[in-house]
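Construct all of the structure, not just a fragment, from the sequences and the given hints.
Letter by letter, the chains look like this.
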Amino acid sequence: MKNNTFKLILIAVVALVSVWSIWPTYRDYALTKKLNSFDSRADSLKFALDHRQEIEQAHDKSLKLGLDLKGGMHLVMEVDILDLIEQKAWNKDDKFNRIMDNVRRQAGESNDNVVNILAAEFRKENIKLSRYFYDLRDSDQEVISKLNAEAQDALIRAKEIIRNRIDQYGVAEPVIQTQGSRRLIIELSGVTDEARVRRLLMGTAKLEFKLVKEPQQLLRAVERAGTVSLQAPSRPVQADSAQVSAGGVVAKKLSEVIGVMPNGQVFTPAYAHDLVAAALKRDDVNALLPQDTQLLLSAKPEQTAKGEKYYLLYLVQKTPELTGGVITEAKATFSSQDSQPEVLMSMNDEGTSKWARITGANIGKQIAIVLDGSVYSAPVVQSRIPSGNSVINGIGSLDEAKDLEIILKAGSLPAPVRILEERTVGPSLGSDYIRDGLLSVTWGFTAVALFMIFYYHKAGIAADLALVLNILIVISVLAGFSAALTLPGIAGIVLTMGMAVDANVLIYERIREELADGKSLRMAIDTGYNKAFSSILDSHVTTLAAAFLLYVYGVGPVQGFAVTLMIGTAASLFTAIVVTKVLFDLFFESKLMNEKSFG
Amino acid sequence: MRLFQKSNINFMGHRKIAYVISTVLLVAGLVSLFVRGLNYGIDFKGGSEVVIRFEKPVDVATVRSIMRQANVSGMVKQYGMDRSLLLKTDFQGNTATLKSLISNSLATNLASNPAEILSIQAVGPSIASDMKMSALKALAAALIGILLYVSIRFEFKFAVAGVVAIFHDVLTVLGLFSLLGGLFDYMPLEVDQSIIAAFLTIAGYSITDTVVVYDRIRERLRGQKPSDYERIFNESLNQTLSRTVITSGTTMLTVLVLFFFAGPAIRGFAFAMFAGILIGTYSSIFVAAPIVFDWQRRSKNPIKLKGA
Numbered sequence: 001m002k003n004n005t006f007k008l009i010l011i012a013v014v015a016l017v018s019v020w021s022i023w024p025t026y027r028d029y030a031l032t033k034k035l036n037s038f039d040s041r042a043d044s045l046k047f048a049l050d051h052r053q054e055i056e057q058a059h060d061k062s063l064k065l066g067l068d069l070k071g072g073m074h075l076v077m078e079v080d081i082l083d084l085i086e087q088k089a090w091n092k093d094d095k096f097n098r099i100m101d102n103v104r105r106q107a108g109e110s111n112d113n114v115v116n117i118l119a120a121e122f123r124k125e126n127i128k129l130s131r132y133f134y135d136l137r138d139s140d141q142e143v144i145s146k147l148n149a150e151a152q153d154a155l156i157r158a159k160e161i162i163r164n165r166i167d168q169y170g171v172a173e174p175v176i177q178t179q180g181s182r183r184l185i186i187e188l189s190g191v192t193d194e195a196r197v198r199r200l201l202m203g204t205a206k207l208e209f210k211l212v213k214e215p216q217q218l219l220r221a222v223e224r225a226g227t228v229s230l231q232a233p234s235r236p237v238q239a240d241s242a243q244v245s246a247g248g249v250v251a252k253k254l255s256e257v258i259g260v261m262p263n264g265q266v267f268t269p270a271y272a273h274d275l276v277a278a279a280l281k282r283d284d285v286n287a288l289l290p291q292d293t294q295l296l297l298s299a300k301p302e303q304t305a306k307g308e309k310y311y312l313l314y315l316v317q318k319t320p321e322l323t324g325g326v327i328t329e330a331k332a333t334f335s336s337q338d339s340q341p342e343v344l345m346s347m348n349d350e351g352t353s354k355w356a357r358i359t360g361a362n363i364g365k366q367i368a369i370v371l372d373g374s375v376y377s378a379p380v381v382q383s384r385i386p387s388g389n390s391v392i393n394g395i396g397s398l399d400e401a402k403d404l405e406i407i408l409k410a411g412s413l414p415a416p417v418r419i420l421e422e423r424t425v426g427p428s429l430g431s432d433y434i435r436d437g438l439l440s441v442t443w444g445f446t447a448v449a450l451f452m453i454f455y456y457h458k459a460g461i462a463a464d465l466a467l468v469l470n471i472l473i474v475i476s477v478l479a480g481f482s483a484a485l486t487l488p489g490i491a492g493i494v495l496t497m498g499m500a501v502d503a504n505v506l507i508y509e510r511i512r513e514e515l516a517d518g519k520s521l522r523m524a525i526d527t528g529y530n531k532a533f534s535s536i537l538d539s540h541v542t543t544l545a546a547a548f549l550l551y552v553y554g555v556g557p558v559q560g561f562a563v564t565l566m567i568g569t570a571a572s573l574f575t576a577i578v579v580t581k582v583l584f585d586l587f588f589e590s591k592l593m594n595e596k597s598f599g
Numbered sequence: 001m002r003l004f005q006k007s008n009i010n011f012m013g014h015r016k017i018a019y020v021i022s023t024v025l026l027v028a029g030l031v032s033l034f035v036r037g038l039n040y041g042i043d044f045k046g047g048s049e050v051v052i053r054f055e056k057p058v059d060v061a062t063v064r065s066i067m068r069q070a071n072v073s074g075m076v077k078q079y080g081m082d083r084s085l086l087l088k089t090d091f092q093g094n095t096a097t098l099k100s101l102i103s104n105s106l107a108t109n110l111a112s113n114p115a116e117i118l119s120i121q122a123v124g125p126s127i128a129s130d131m132k133m134s135a136l137k138a139l140a141a142a143l144i145g146i147l148l149y150v151s152i153r154f155e156f157k158f159a160v161a162g163v164v165a166i167f168h169d170v171l172t173v174l175g176l177f178s179l180l181g182g183l184f185d186y187m188p189l190e191v192d193q194s195i196i197a198a199f200l201t202i203a204g205y206s207i208t209d210t211v212v213v214y215d216r217i218r219e220r221l222r223g224q225k226p227s228d229y230e231r232i233f234n235e236s237l238n239q240t241l242s243r244t245v246i247t248s249g250t251t252m253l254t255v256l257v258l259f260f261f262a263g264p265a266i267r268g269f270a271f272a273m274f275a276g277i278l279i280g281t282y283s284s285i286f287v288a289a290p291i292v293f294d295w296q297r298r299s300k301n302p303i304k305l306k307g308a
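Read top to bottom, the protein sequences are chains Y and H.
Each residue of the first sequence is one higher than the one before, starting from 1 at the first, in full-length UniProt numbering.
Each residue of the second sequence is one higher than the one before, starting from 1 at the first, in full-length UniProt numbering.
No lab work stands behind these hints: they were computed from the structure.
From a predicted model like this one, the values you see are computed outputs, not experimental measurements.
Please note that the accuracy of each hint is not assured.
Said to hold, decoys possible - Simulated pairs of lysine-lysine, DSS-like, Cα-Cα distance not exceeding 25 Å:
#: 1; chain 1: Y; residue 1: K331; chain 2: Y; residue 2: K409
#: 2; chain 1: Y; residue 1: K519; chain 2: H; residue 2: K6
#: 3; chain 1: Y; residue 1: K458; chain 2: H; residue 2: K6
#: 4; chain 1: Y; residue 1: K128; chain 2: Y; residue 2: K92
#: 5; chain 1: Y; residue 1: K70; chain 2: H; residue 2: K88
#: 6; chain 1: H; residue 1: K99; chain 2: Y; residue 2: K309
#: 7; chain 1: Y; residue 1: K365; chain 2: Y; residue 2: K300
#: 8; chain 1: H; residue 1: K157; chain 2: Y; residue 2: K531
#: 9; chain 1: H; residue 1: K88; chain 2: H; residue 2: K56
#: 10; chain 1: H; residue 1: K6; chain 2: Y; residue 2: K531
To be verified - Facing chain Y, according to a computed beta carbon distance under 8 Å, are these residues of chain H, among others:
#: 11; residue: I120
#: 12; residue: A122
#: 13; residue: V123
#: 14; residue: A138
#: 15; residue: A141
#: 16; residue: R153
#: 17; residue: A203
#: 18; residue: G204
#: 19; residue: V211
Cβ atoms here follow ideal geometry from the backbone N, Cα and C, with glycine treated the same way.
Set out below in structure tokens:
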């Protein structure tokens, strides 16, 4: 009994810490239930205010649920470092473009560092990098390290800016991690409006003020560009989605989906928007337009009296008069004239003086306010604006105006970002998962527990107690380290139960063998434990090692599974070697056990 | 109650039969892997998966034809409860487009039965190939780790035989996935990330089983002559048989519960675990130990045992 005192204290401490760690999860659950039970909102609000601190604390320390259980968005985004590198290059010629196309193709197929891919391509072609980058005297090595520094900086800045935007949007506990040299992993729990999040994350917020060309020039440009065929885009840009949304209309030429209104405005019906947008990005279309101009679509559709939606086309000067870098403040509000949402912006000193000059020189002309390549509004300049104020209108909703405010304030991304992977789980699917997962854990536990008692009688009860402690430990460790419980995690718990039982089976079978050899109960228990020990240790350590490597080399859900398996295996080692032994000793000493106790 | 009390099965004497069974299983699996391949999920292939829940039970064929009209090519099948459907497409573009496309066409064509999109997942091709690589790396790392650990605790021959048994188990289950993949609607047997987790657990489980048998062999071998090896291997296997069957049985019980109750997302995983434990139990008796035995008979040196 003496040498068990320390073990008993240890077990008590572990059990207490487990309960203490799980307590907030229970409180959180109970408080949420209470909050939802009130009949009126006022009562519920009053309760929330009265118990604010308790509610917050319980929630902070409770077991977090993974996105698959709680609902939310998981995104993997790629920062287009190549675009940034392309912008940095000078002297661009056909050869350069050919190499870049090659690099882009390779980069799309792997997660390698793009600078390395680029350097390898240049080496293959036997061209020095300095021909296009930085200083001609730079060695390849110098250029590579400069480009790498730039790429790394871009990734870090992109992460910061995206974090900024998410923080301002208001998501609780967002996870934003970099992965490799150009990817970001973003997890937003509880978010359901994925369209809005996507807009918020992807918006490069490249704001430009561009001069709009005369209507006659627009008509001529559209006439020439309209001749191109839509069937063979130089780079396929989601042609599938465009054709699907065409509502049965399959156009062959650009002119077939572009029309001219009596007032001279050029439009395209809403269903053809994607198709036209893709076409306008093509090099062969742009080659048909006058030098230094481009065709842009309006950001928001207009509506005819009959309710048909259409987008307007603008011919604008390619080189912007002014860019968004000069914006210092942005604010979403409603217009005082027509109560439509708009964003007011103010500029720094440099921007203010430039804006005054530009507006002064273009009175009576239209200036398009272009955000990420779409025209938001194209007001006619009435008079010189000396204050440095400008406004974006033509925004669909106040939500959208607020998002724009966030994006403009947080700054623009150093390079465009693309979504590579997106998983959205609705909250109701999450609750189905929780119910099914909990149900299977309960059933699995019950089945195993009953079998153990059936097969090993009293010893089975000791094993079942150890099993309960085992599960308690796993959940409390997860809660204590703020690791999230995921569906694969629940699978890991069920598997842990199997492992824990195995340890006890090993011991019990050994004890039975010893009893069959004619040893006394006391001797059989001690020998059984000693001889089973090396099997238990070896099998648990191999599983631990496998789970650890799984955690290190696996990604996503595999890691969640590995974490619970690691905790579970470690806990099982403890319960099998320490807990059941102490229980046996106690049983034995209080004469609760005899030779028949092992079935 | 006791299972296998005083069993006395001549495992070593019948090991040739087991070799034949294993070879047949492996060859069948490998042929299927080459001919039929595997049914990859979107994690490894790229594409989109959409789970749609309807307010009332819905006919799959109706939804399928609505999707065809809307030009969404892909598979529509039952998902879990009878009100939920799973739609799989190769679509890799903007999920917002896909989502609005699906909900619009359902709203117009099935106005009487409102649908809700529960989850939408889209994985691009470059991510998919990355995941495949990371999964292979994880498996390789785990095997090397196991090889090292067992070599240190037992002997190199034991470690190699153990790893051969793992390969045997993982390849057989992969073969089963290839043979049965796509045959049953309620159990698509797609290879995705959670299946990789299952395979690694199978590897871990297989080695656990093997280690327990090894442990007993090691214990019994001390001070014995090589001429007694056959008897000792047999006795060790018989003595651990009861534990082997009970542990496998209880673990299979929990996995079976997962299979039936934890929902469709985890069904393939549970199947892999079930088959893996069954085959892993078999291989620890009929593959790992016999290989050590045969190897030992051919080698001149007696087994040098380390460890406890």
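**Prompt:** Is the straight-line distance between the alpha-carbon of K70 (chain Y) and that of K88 (chain H) 25 Å or less?
**Reply:** 23 Å, holds
**Asked** With a cut-off of 8 Å, does the beta carbon of I120 (chain H) approach a beta carbon of chain Y closely enough for the hint to hold?
**Response** Result: holds, 5 Å to nearest chain Y Cβ.
**Interface hint status, G204 (chain H) versus chain Y (Cβ within 8 Å)** = 4 Å, holds
**Prompt:** Is the hinted pair K6 (chain H) and K531 (chain Y) satisfied, with a Cα-Cα distance of at most 25 Å?
**Reply:** 19 Å, holds
**Prompt:** Does K300 (chain Y) lie within 25 Å of K365 (chain Y) when you go C-alpha to C-alpha?
**Reply:** Holds: K365 (chain Y) and K300 (chain Y) sit about 22 Å apart, inside 25 Å.
**Request:** Using 8 Å as the Cβ threshold, decide whether A141 (chain H) counts as touching chain Y.
**Result:** 4 Å, holds
**Message:** Run the distance test for K88 (chain H) versus K56 (chain H): straight-line Cα separation, threshold 25 Å.
**Reply:** Distance ~21 Å between K88 (chain H) and K56 (chain H) Cα, so the pair holds.
**25 Å Cα cutoff - pair K331 (chain Y), K409 (chain Y)** = 9 Å, holds
**Message:** Let's test the interface hint: is any C-beta of chain Y closer than 8 Å to that of V123 (chain H)?
**Reply:** 5 Å, holds
**Request:** Have a go at the R153 (chain H) hint: is there a Cβ in chain Y nearer than 8 Å to its own Cβ?
**Result:** 6 Å, holds
**Asked** Given A203 (chain H) as an interface hint, is the shortest Cβ-Cβ distance to chain Y below 8 Å?
**Response** 6 Å, holds
**Prompt:** Taking the closest Cβ pair, is A122 (chain H) under 8 Å from chain Y?
**Reply:** Since the shortest Cβ distance to chain Y is 5 Å, the answer is holds.
The structure shown violates none of the earlier numbered hints.
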